[in-house]
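Trainee: Assemble the complex: chain A is given as a structure, and chain B must be docked to it using the hints.
As you go down the protein sequences, you meet chains A and B in turn.
The first sequence begins at 26 in the numbering used here and counts up one residue at a time.
The second sequence begins at 26 in the numbering used here and counts up one residue at a time.
Since the hints were derived computationally from the structure, they do not count as laboratory data.
Be aware that a few hints might be false.
Stated by the list, open to error - Here are the simulated EDC-like cross-link-like pairs (lysine to aspartate or glutamate), alpha carbons at most 20 Å apart as the crow flies:
#, chain 1, residue 1, chain 2, residue 2
1, B, Lys129, A, Glu104
2, B, Lys129, B, Glu119
3, B, Lys129, A, Asp97
4, B, Lys129, B, Glu38
5, A, Lys129, B, Glu104
6, B, Lys129, B, Asp27
7, A, Lys129, B, Asp97
8, A, Lys129, A, Asp27
What the hints assert, rightly or not - Not the full set, but computed from the structure, chain A residues with beta-carbon under 8 Å of chain B:
#, residue
9, Ser46
10, Arg87
11, Val89
12, Glu93
13, Pro98
14, Phe101
15, Arg133
16, Val152
17, Ile155
18, Gly157
All residues carry an ideal CB built from backbone N, CA and C; glycine is no exception.
Protein chains: 2
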Amino acid sequence: MDVLPQELRELIESGPLAHLSTVSPDGSPQVTVIWVGLDGDQLVSGHLSRNQKLRNIERDPRVVLSLEAPRDPSVFLNEHAVLRAHAAIEPSDEAWDLLNRLTKVYMRPAQEFPAPRTPGYIIRYTVERIGGVGPWTRQS
Amino acid sequence: MDVLPQELRELIESGPLAHLSTVSPDGSPQVTVIWVGLDGDQLVSGHLSRNQKLRNIERDPRVVLSLEAPRDPSVFLNEHAVLRAHAAIEPSDEAWDLLNRLTKVYMRPAQEFPAPRTPGYIIRYTVERIGGVGPWTRQS
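The following block holds chain A by itself, in its conformation from the complex:
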């Protein structure tokens, strides 16, 4: 998918938690809740250690990121986005900087990322299919 719908970009930039689903070596689903941001038309996340989700992605880059819009009890099923994506991991000296940028979105503008600056990994997510409920699924 070359261009993300504007409403989806706004949702992502508003700082929703992202539920990252990968598949473990035994074939069972694995989920962690992470921070995400945008870099052009890709989503990005920062990681300071090579944990289970990174090892899963190295083996199989097919992932899902699911994000909730703010809750609205007047609608039947709350708006949310389910993004099937291809994930690519790159070792990066700027993982901490990405995390620090996201800290200001997910926590407070004046907050610094509360861990020492070390090299890490950036995951880039290329969205292949947009599902869920919301204006992002009503675009062609």
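Mentor: Chain B alone, transformed into the frame defined by chain A:
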């Protein structure tokens, strides 16, 4: 897991959206966002059609349900629960009644489930491991 921690029970009963992760026949993750409730120490969800997630569970009952606690920008990573569970599907005349009960939690107390009453399916989730961030992971 025989008994769910009380804090987790309270989170589930407060009406958080549940991100249900299963695995599709091609081995890729599949996610849908659903309503869940409690029945004893199992989670339950109601479904009126036998869609992809049900077919995935019939093939492999290992699932993850991930749920967010209310957002709190003062904490580092917002509280959330990641529940690895065994899912079991049963055809049920009471799927609609479960959905109608959950409508009152997820929408409004006076709201009826906005679809005709028909037979469907109930999925029962037996929690096998509790992860995430929150008081539910600090219990032994």
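Trainee: Against each hint, give a clear statement of whether it holds in the structure.
Mentor: The hints, checked one at a time:
1. Using a Cα cut-off of 20 Å, the hinted pair Lys129 of chain B and Glu104 of chain A holds, with the two alpha carbons roughly 18 Å apart.
2. At roughly 16 Å between alpha-carbon atoms, Lys129 of chain B and Glu119 of chain B fall within 20 Å of each other, so this suggested pair holds.
3. Between Lys129 of chain B and Asp97 of chain A the CA atoms are separated by roughly 13 Å; this keeps the pair inside 20 Å, and the hint holds.
4. Pair hint Lys129 of chain B plus Glu38 of chain B holds up; C-alpha atoms about 11 Å apart against a cutoff of 20 Å.
5. For the hint linking Lys129 of chain A to Glu104 of chain B, the alpha-carbon distance of about 18 Å falls within 20 Å, and the restraint holds.
6. With a CA separation close to 27 Å, the supplied pair Lys129 of chain B and Asp27 of chain B exceeds the 20 Å bound.
7. Of the supplied pair hints, the one linking Lys129 of chain A and Asp97 of chain B holds, its CA atoms being roughly 13 Å apart against a limit of 20 Å.
8. Taken as a hint, the Lys129 of chain A and Asp27 of chain A pair is broken in the structure, with Cα atoms around 27 Å apart against an allowance of 20 Å.
9. Taken as an interface hint, Ser46 of chain A checks out: its beta carbon lies about 4 Å from the nearest beta carbon of chain B, inside 8 Å.
10. Using the Cβ-Cβ criterion of 8 Å, the hint placing Arg87 of chain A at the interface with chain B is satisfied: the shortest such distance is roughly 4 Å.
11. Using the Cβ-Cβ criterion of 8 Å, the hint placing Val89 of chain A at the interface with chain B is satisfied: the shortest such distance is roughly 4 Å.
12. Proximity of Glu93 of chain A to chain B holds as hinted, the smallest CB-CB distance being about 6 Å (cut-off 8 Å).
13. The restraint placing Pro98 of chain A at the interface with chain B holds, with a minimum CB-CB distance near 5 Å, inside the 8 Å limit.
14. The criterion of a C-beta within 8 Å of any C-beta in chain B is met by Phe101 of chain A, whose closest approach is roughly 6 Å, and the hint holds.
15. Because the beta carbon of Arg133 of chain A sits about 6 Å from the nearest beta carbon in chain B, less than 8 Å, this interface hint is met.
16. The restraint placing Val152 of chain A at the interface with chain B is violated, with a minimum CB-CB distance near 14 Å, outside the 8 Å limit.
17. A distance limit of 8 Å between C-beta atoms decides the matter here; for Ile155 of chain A the minimum to chain B is near 12 Å, and the interface restraint is violated.
18. Checking Gly157 of chain A against chain B: minimum C-beta separation of about 7 Å stays under 8 Å; hint holds.
When held up to the earlier numbered hints, the structure conflicts with 6, 8, 16 and 17 and fits the remainder.
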